[in-house]
Amino acid sequence: MNQTQEVGYVVSNRDFLVYLDGFPSIRINDMVESETSQRGWVNSTLQDKIEVLMLDEGTVKPKQQFKKLPSRLAVSVGDFLLGRAINPLGIPIDGKGLLSKTKADYSELEQPVPGIESRQFISNQFLTGITLVDSLIPLGKGQRELVLGDAHSGKTGFLLDLIINQKNTGVICIYGSIGKPSVAVRSLIDVLKSNKALDYSVIIAASSSEPAPLIFLTPKTAFTVAEYFQKKGKDVLLILDDLGTHAKIYREMALLGNKAPGRESYPGDIFYQHAHLLERAGNFLPGAGGGSITALPVIELNLNDFTTLIPTNLMSMTDGHLLFKAGLHSQGQTPAIDISLSVSRVGRQTQDRVSNLLSTKIRQILSEAADLETVSRFSQELPLETQLILERRDQIMELLKQEPFTATPKPIQAILLALPFTGFLKDKDQAFLERNKKILEQAFLTNPGLLSISRSIKNLKTDTEFIKLLEGAGPVLAKLCPA
Amino acid sequence: MNNLLNTILKDTFSVNLLKHRLRILKSNLLKTFFGSNQEELSLCAEDINWLKSIPLPLYQQFDKDNVYQIFSNLEMEISKLKVLTIYLTFEPDEITLSQIGAFARKTFDPTLLLDIKLNPNLIAGTAFAWKGIYKDYSLHAKIEEKKPEILEGFKRFLR
Numbered sequence: 356m357n358q359t360q361e362v363g364y365v366v367s368n369r370d371f372l373v374y375l376d377g378f379p380s381i382r383i384n385d386m387v388e389s390e391t392s393q394r395g396w397v398n399s400t401l402q403d404k405i406e407v408l409m410l411d412e413g414t415v416k417p418k419q420q421f422k423k424l425p426s427r428l429a430v431s432v433g434d435f436l437l438g439r440a441i442n443p444l445g446i447p448i449d450g451k452g453l454l455s456k457t458k459a460d461y462s463e464l465e466q467p468v469p470g471i472e473s474r475q476f477i478s479n480q481f482l483t484g485i486t487l488v489d490s491l492i493p494l495g496k497g498q499r500e501l502v503l504g505d506a507h508s509g510k511t512g513f514l515l516d517l518i519i520n521q522k523n524t525g526v527i528c529i530y531g532s533i534g535k536p537s538v539a540v541r542s543l544i545d546v547l548k549s550n551k552a553l554d555y556s557v558i559i560a561a562s563s564s565e566p567a568p569l570i571f572l573t574p575k576t577a578f579t580v581a582e583y584f585q586k587k588g589k590d591v592l593l594i595l596d597d598l599g600t601h602a603k604i605y606r607e608m609a610l611l612g613n614k615a616p617g618r619e620s621y622p623g624d625i626f627y628q629h630a631h632l633l634e635r636a637g638n639f640l641p642g643a644g645g646g647s648i649t650a651l652p653v654i655e656l657n658l659n660d661f662t663t664l665i666p667t668n669l670m671s672m673t674d675g676h677l678l679f680k681a682g683l684h685s686q687g688q689t690p691a692i693d694i695s696l697s698v699s700r701v702g703r704q705t706q707d708r709v710s711n712l713l714s715t716k717i718r719q720i721l722s723e724a725a726d727l728e729t730v731s732r733f734s735q736e737l738p739l740e741t742q743l744i745l746e747r748r749d750q751i752m753e754l755l756k757q758e759p760f761t762a763t764p765k766p767i768q769a770i771l772l773a774l775p776f777t778g779f780l781k782d783k784d785q786a787f788l789e790r791n792k793k794i795l796e797q798a799f800l801t802n803p804g805l806l807s808i809s810r811s812i813k814n815l816k817t818d819t820e821f822i823k824l825l826e827g828a829g830p831v832l833a834k835l836c837p838a
Numbered sequence: 311m312n313n314l315l316n317t318i319l320k321d322t323f324s325v326n327l328l329k330h331r332l333r334i335l336k337s338n339l340l341k342t343f344f345g346s347n348q349e350e351l352s353l354c355a356e357d358i359n360w361l362k363s364i365p366l367p368l369y370q371q372f373d374k375d376n377v378y379q380i381f382s383n384l385e386m387e388i389s390k391l392k393v394l395t396i397y398l399t400f401e402p403d404e405i406t407l408s409q410i411g412a413f414a415r416k417t418f419d420p421t422l423l424l425d426i427k428l429n430p431n432l433i434a435g436t437a438f439a440w441k442g443i444y445k446d447y448s449l450h451a452k453i454e455e456k457k458p459e460i461l462e463g464f465k466r467f468l469r
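So the sequences go chain by chain: A and B.
According to this note's numbering, the first sequence holds residues 356 to 838 in order.
According to this note's numbering, the second sequence holds residues 311 to 469 in order.
It is possible that part of the hints are untrue.
In silico BS3-like pairs for lysine-lysine, Cα to Cα no more than 30 Å straight-line [unchecked claim]:
no., chain 1, residue 1, chain 2, residue 2
1, B, Lys-329, B, Lys-441
2, B, Lys-374, A, Lys-416
3, A, Lys-548, B, Lys-390
4, B, Lys-374, B, Lys-390
5, A, Lys-614, B, Lys-374
6, A, Lys-422, B, Lys-392
7, A, Lys-816, A, Lys-834
8, A, Lys-418, B, Lys-374
9, B, Lys-374, A, Lys-404
10, B, Lys-336, A, Lys-548
By construction, these hints were calculated from the structure, which means they are not laboratory data.
Remember, it's a predicted structure, so these values are computed and weren't measured experimentally.
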């Protein structure tokens with residue numbers, strides 16, 4: 356201890372919550388340490404005491420002395436974090452040894468969020484490599500899109516695909532694992548490693564067995580690391596898995612601190628906590644670093660009920676949501692996204708014109724088919740027009756299915772979705788597409804006769820032009836895909 | 311300030327002693343008001359002398375109805391008193407404690423209380439904590455301050 360230092364003494368404590376007396380010039384987010392090296396973080400300052408949340412396990416006794424640490428609540432950031440897994444305080448947890456901190460920046464977890472003058476219009480599409488998302492519910496770079504769904508609906512698989520598909524795009528992926536079992540974190544690292552996706556990823560994880568205040572800090576650290584890369588002009592994908600656990604941890608902390616419980620026993624400022632986090636995402640002007648942070652908060656639903664407090668809060672503070680359903684997943688639809696209940700409020704403005712027009716057309720068919728579905732179940736013979744709509748719906752749904760760990764390039768996505776409108780797929784059933792989808796994808800990527808089509812999409816103005824162009828490829832495709 | 315508290319504070323300088331004396335005073339009064347005659351409090355001669363030293367008029371203010379209230383008021387008053395935490399390498403005897411206490415009260419605040427903590431790691435000297443500021447005047451701090459020079463000095467004797 357230095358010759359002169361600020362100290363405080365424990366007045367009372369309850370589990371990880373400690374009240375201290377002393378510290379004349381303490382501020383919120385300062386760090387304090389006990390004589391037994393247990394660190395705590397100042398959460399609030401009251402009239403005659405301060406509230407500290409302990410980040411290390413151990414017992415704290417009344418009258419125990421705490422000293423103020425020179426550092427505030429911060430984490431060291433740098434390129435050395437790529438390929439590593441750290442805990443919310445920046446300690447490596449992947450067993451790969453110490454972080455090389457020769458070029459480390461020290462960044463506080465709570466920072467003023469850049470205002471409107473630092474942000475720009477979201478104009479670039481964030482390509483996920485997943486046909487359903489890129490075409491029907493497109494995401495923009497800097498968008499906040501909520502991922503919600505039941506347990507076992509394929510959310511984590513989808514998120515992993517998203518990270519793996521960012522290979523060679525220059526996008527940095529940050530995965531914030533909030534209160535998941537350590538086994539889940541381990542397997543996540545393994546999957547990313549085996550798919551060579553770890554090189555451009557950073558994992559920030561606090562497992563379920565760690566103290567609640569540490570788990571609570573995970574998304575803050577994830578955003579701080581994301582901001583470091585964004586300020587270097589990089590596009591960042593940030594996944595927070597999941598904010599439902601984060602809300603529960605905050606509820607635990609608030610109830611322990613005697614804060615008045617509100618709806619579902621969550622404290623009144625739970626909306627602020629999440630909104631304050633998510634406003635850190637966005638697309639930034641060159642003056643503010645120039646990069647973007649695309650945030651995908653995740654929330655697990657109970658029995659598909661998205662009308663509870665936390666999901667509705669998050670829906671209102673994001674720019675859209677992807678709703679996953681376990682039912683669709685068990686029917687074999689991957690990704691199991693419910694198209695009619697999912698929305699993207701800014702992604703469509705980033706799509707190219709042809710894809711945009713095409714996706715409008717597809718949405719129209721899907722909604723018409725949904726209306727006609729009930730009728731079709733009761734009638735024996737359907738008018739030709741209705742049959743065509745239902746057939747096209749089946750074809751589209753088949754084309755939207757995508758195996759895990761696969762990426763579909765942007766032009767191929769557009770071609771696949773335009774095919775149901777061409778003569779080639781007339782009278783072809785779902786089974787035909789199931790058999791030949793891969794052949795078709797490969798053909799448009801490698802066949803010299805078809806390559807020109809994939810390349811010309813950028814120059815086209817309308818979907819009709821595009822469909823006409825695809826009609827010309829019919830004979831080549833017929834040869835490649837025998838009925 | 312409370313007359314009773316002033317009387318107690320006159321020869322009570324440390325927080326621990328104050329709490330001990332309040333406890334025996336309370337036990338004694340509760341025994342008088344609510345206990346049986348056979349019951350005896352096990353007190354040392356020092357404590358008995360101290361209880362006897364409290365003037366009778368102060369005892370007379372207590373009765374069965376107000377005893378708890380007076381003590382809760384007293385505790386509230388005590389929580390407002392300023393406390394100087396002193397870290398020492400030895401446990402001071404009562405005379406030393408009274409000398410330090412009297413000096414501190416004369417110099418800083420007439421109602422100041424001392425909180426004596428033992429820390430042999432200081433080696434010699436003392437450290438204080440006052441209003442959340444810790445000041446270390448111990449030999450340990452001096453050695454820490456001059457650590458590079460001391461180590462340099464030792465190195466000269468290394469072969």
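Flag every earlier hint the structure violates by its number, smallest first.
2, 3, 5, 8, 9 and 10
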